[in-house]
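Based on these hints, arrange chain B on the given structure of chain A.
Residue numbers (numbering that gives the first Met the number 0), protein chains in the order written: chain A, 0 to 415; chain B, 0 to 415.
Honestly, the hints are just simulated from the structure, not real lab data.
Mixed in with the good hints there might be a few duds.
[Claimed, not checked] Some, not all, of what chain A presents toward chain B, calculated at C-beta under 10 angstroms:
| # | residue |
| --- | --- |
| 1 | V17 |
| 2 | P18 |
| 3 | L20 |
| 4 | L24 |
| 5 | A143 |
| 6 | Q162 |
| 7 | Y165 |
| 8 | A355 |
[To be verified] Chain A regions said to be covered by chain B (calculated; three or more residues, Cβ under 8 angstroms):
| # | segment |
| --- | --- |
| 9 | 98-107 |
| 10 | 170-181 |
| 11 | 358-367 |
| 12 | 404-414 |
Computed from a prediction, not measured in an experiment: that's the story for all the values here.
No residue lacks a Cβ here, since even glycine has one placed at the ideal position from N, Cα and C.
Protein chains: 2
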Amino acid sequence: MRWMLPTTEVPEAWFNVVPHLPTSLQPPLHPATREPVGPQDLAPLFPMALIGQEVSAEPWIDIPGPVLDVLRLWRPTPLVRARRLEQALDTPARIYFKDESVSPAGSHKPNTAVPQAFYNREAGVRRLATETGAGQWGSALAFACALYGLECKVYMVRASYEQKPYRRVMMETWGSSVVPSPVDRPDHPGSLGSAISDAVRDAVGREDTHYSLGSVLNHVLLHQTVIGQEAKVQLQLAGEERPDLVIGCCGGGSNLGGLALPFVPDPKVALLAVEPSSCPTLTAGRFEYDFGDTAGMTPLLAMYTLGHDFVPPPIHAGGLRYHGDAPIISALVHSGRMQAVAHPQTAVFEAAVQFARVQGTIPAPETAHAIKATIDAAVAAREAGEPRVILFGYSGHGLLDLQAYADHLAGRLADD
Amino acid sequence: MRWMLPTTEVPEAWFNVVPHLPTSLQPPLHPATREPVGPQDLAPLFPMALIGQEVSAEPWIDIPGPVLDVLRLWRPTPLVRARRLEQALDTPARIYFKDESVSPAGSHKPNTAVPQAFYNREAGVRRLATETGAGQWGSALAFACALYGLECKVYMVRASYEQKPYRRVMMETWGSSVVPSPVDRPDHPGSLGSAISDAVRDAVGREDTHYSLGSVLNHVLLHQTVIGQEAKVQLQLAGEERPDLVIGCCGGGSNLGGLALPFVPDPKVALLAVEPSSCPTLTAGRFEYDFGDTAGMTPLLAMYTLGHDFVPPPIHAGGLRYHGDAPIISALVHSGRMQAVAHPQTAVFEAAVQFARVQGTIPAPETAHAIKATIDAAVAAREAGEPRVILFGYSGHGLLDLQAYADHLAGRLADD
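Extracted from the complex, chain A is given alone in its bound form (with noise of 0.2 angstroms):
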């Protein structure tokens, strides 16, 4: 069973956890000085709208009628009950996963590169650089700036620009430039955070540019939060009060974020961020400031992390592999209020293809870590006897990511 919506009920507002949160967020500090960055720090980098929502205690932020526009193309994204999935597990749990892997370019990421590019537009901004790992979000934006007519520069991790082009050439079909990063070392295979201080640069030292950024920060969550929204309204109409779980993979945490953050004010809903082992930034990493990129050029943020030279090893669910986490994710761990799993890829792997046999799908390897832990609730559930009901994020396909499946079904894959 799946629950759709009319394209007149995607919400006309984001949700901003901020005033909800139990502890306060701590402020990002100024990379040079290590004083909170104000406003005119920021203002190379992104357009004023932006650094407001990123700063913005207000609960409730309307979305401009154009960007609505554009999310409408494919939002809402369905609700949908995986029967089949729950007679497989013999659980007497209910599943439901909100499906954001139908937008055009496969994941959740367009929520908010579309305001982004939106934003900058709407300040006169002409041309928008970002860094990519694997694709999902430089894609994103790809697609983002293709619709609103803005040049697009992409910095690509090398080993992805070189082993996984597909997805290279889905931003070089909307019209963006793609680079691998980084630009000044062509022998190395380069990192998120490399990849990062390559896309800062560029945008620092141009007039007409601007940079993006498709995680991590507050008003990226901010614009995610379109996700958890419209599954409040369709657990409605599949008669469930609320989930007693969300489960949502967690690499900079704007997926979970978007899904889980409309929860929060909920005590009754349970949280969980699952992320891979060989990456445990939740489950491992320190709470303290550290730097968003490698080479030291962004703000300091309040998160957990791994250290900023952490360079994780190379599994195929590319947009976990980052060093921090989003500082509102890593609030919600450190006071309680979410709680953290991890899991190796290739029982992660194994969940993907169960999954994909009895559902039909193919889930992208990051929405995999959320459908392994989704498994394990609907097992314990089963073991307890109680009637749960979860709620997972489907955050992407995994159509671009079959090398990985074939990996799997050779025995290739290493759990390091």
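Okay, now just chain B, sitting in the frame of chain A:
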């Protein structure tokens, strides 16, 4: 704007166009005797339920409940108004498309794979054999067999098996076995016609195995009519009495038939088939009896054909590289009820890129043929100053065809 229907609105019967055809269909002939084939001739390949549908003249055929349950995993599919494309073309035409790319396999093919797997399982068959070119049909049948617990063996055209591994990985993820064809000539690149021969040989040789075909036959087109039936309802919701023109790409004819056949009884609706210039079956072929495969093992069908030994050039729209056409489509074209047009692939990819940059999604190369014809029709409407209503079939996404886009963007595509 998109028009969605609830899952309860999946049509509960297939529409049989046979009673509405302007001329009666000529019967298939036995390849050896050249006499009309009877049910017993087909029994080694198909279950009786499908043989009955192949020759039925009933106007409606009920869809079994267990088939509906699976179709509802992704159906009804969206009807989308392509407003941004209309604006880009400055046309008074209203352009709608029916989006079949949302299925788990990414195309319309599961609409028939699911009932075919169901009827075979009901008949006690444990294993299905089929052929696939680029892999759209093979992946659809692999998906359906996974859900019904059937074994599936796919003979994949060797050139695609080696050059396009990702749809093969999809099939393997769903648990199917995939081998390159022709099986007995490891140095041969293969063709769809010879892969059909391999699959038929497999099915004839094993008691537990039937054969499954993804296009051409009457029962396949019948299963696809859920597409056009849903589109009719959705057009009403959109305030349109009827489309003036229905456009679909045409290889074997199942996508086009699925969308167009329910409109055949309304003489005010024009129907247009779009095929590649390099495989111009309807526009340059002969209407006569010919074999469906290369080896001459299948019945002879009355259809437009380029000859069963015709080998089309290796264009990227693999699903349109077939020497023949469905007898139903052939009869409609032969009688004048349906028109046909052919386009070269560079013009087709130009249309695809234009579509991706204004509407946001990247279409399959096959689908791009319909988009090219739609753009031409919308421009003609502008020149005539007429607000025509155009409906086209968005048969699949292009996410596993990105190499074709890379070749196009690099200027490497040939028009043969």
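Structure-based check of all given hints:
1. V17: violated, 31 angstroms
2. P18: violated, 34 angstroms
3. L20: A:L20 check fails; min Cβ-Cβ to chain B is 34 angstroms, beyond 10 angstroms.
4. L24: Constraint on A:L24 not satisfied, violated at 34 angstroms.
5. A143: holds, 9 angstroms
6. Q162: violated, 14 angstroms
7. Y165: Because about 4 angstroms separates A:Y165 from the closest Cβ in chain B, which is inside the 10 angstroms limit, the hint holds.
8. A355: holds, 5 angstroms
9. 98-107: With 3 residues in contact (Cβ-Cβ under 8 angstroms with chain B), the coverage given for the segment 98-107 of chain A holds.
10. 170-181: holds (count 4)
11. 358-367: Three-residue rule met by the segment 358-367 of chain A, so holds; n is 4.
12. 404-414: holds (count 3)
In summary, the numbered hints that this structure violates are 1, 2, 3, 4 and 6.
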